[in-house]
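K.L.:
Chain by chain, the residues run as shown.
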Amino acid sequence: DMKVTQMPRYLIKRMGENVLLECGQDMSHETMYWYRQDPGLGLQLIYISYDVDSNSEGDIPKGYRVSRKKREHFSLILDSAKTNQTSVYFCASSFGRSYAEQFFGPGTRLTVL
Amino acid sequence: GDSVTQTEGLVTVTEGLPVKLNCTYQTTYLTIAFFWYVQYLNEAPQVLLKSSTDNKRTEHQGFHATLHKSSSSFHLQKSSAQLSDSALYYCALSDPNTNKVVFGTGTRLQVLP
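Taken in sequence, the protein lines are chains P and D.
Last residue of the first sequence? That's 113 in our numbering, and every number before it is there in order.
Last residue of the second sequence? That's 113 in our numbering, and every number before it is there in order.
Just so you know, these hints were derived from the structure itself, not from any lab.
Among these hints, one or two may not hold up.
Heads up, simulated EDC-like pairs for lysine to aspartate or glutamate below, C-alpha to C-alpha not over 16 Å straight-line [to be verified]: (1) D:Lys50 / P:Glu101; (2) D:Lys100 / P:Asp26; (3) D:Lys100 / P:Asp59.
Stretches of chain D that chain P covers, calculated by requiring three or more beta carbons in the stretch to come under 8 Å of a beta carbon on chain P [to be verified]: (4) 42 to 55; (5) 59 to 67; (6) 71 to 83.
In this text, all values refer to a predicted model and were calculated from it rather than measured experimentally.
For glycine and all other residues, C-beta sits at the position ideal for the given N, C-alpha and C.
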């Protein structure tokens, strides 16, 4: 069963706390992505990972970092979270070809107070 | 850089009537993949259609789209909208060099009885 999972699904943090969002996939996809979704702005790419330890900044990487130590697992880290990082975060994966569709996880709703 | 434009934030249509969601793009690449993703309420985005062939109609779940490179467009259409089509629709293109996907800001389709 092809699946992308995200944990946790909901998270409330205080400003200045560290945040770890986790994503897993069981399809052996080379490429994984982290997006944030905000009303009126659509899906904005934070980071892309082409494989283990091969990560590249997306359009809005400031305030975020990522880690990919296994092909099936991709983490998003917010060091000292800010209130403007309140958003819904989606992880996605795809085969390593530009024509391949992305499979999205269910999303994590993060609130930073 | 590449960009995707969806001019309508909200499209409202009566059930049974045709619907068209507009998508135009800018890119310097000659060969590129285009996608329509649909996101139902409280769910993850999922691919609806994809195409990379000029002037070829692509169909899925009653929706169709044709890539027209001459007008830089990939509009989504359906001849008879259903209540279950109410969702957020994203047009997107995939950069063949980086595998990064550029999303439009999305169009919310509301189908009324």
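K.L.:
With reference to the structure, classify each hint as holding or not holding.
P.N.:
Hints versus structure:
A threshold of 16 Å between alpha carbons decides the hint, and for Lys50 (chain D) with Glu101 (chain P) the separation of about 8 Å falls inside it, so the pair holds. Restraint check for Lys100 (chain D) and Asp26 (chain P): the C-alpha separation of about 21 Å exceeds 16 Å, so the hint is violated. Pair hint Lys100 (chain D) plus Asp59 (chain P) holds up; C-alpha atoms about 10 Å apart against a cutoff of 16 Å. Coverage of the region 42 to 55 of chain D by chain P holds [criterion: at least 3 residues with CB-CB distance below 8 Å; count 7].
Counting residues of the region 59 to 67 of chain D whose C-beta sits closer than 8 Å to any C-beta of chain P gives 0, which falls short of three, so the coverage hint is violated. With 0 residues bearing a CB less than 8 Å from a CB of chain P, the region 71 to 83 of chain D misses the requirement of three and the coverage assertion fails.
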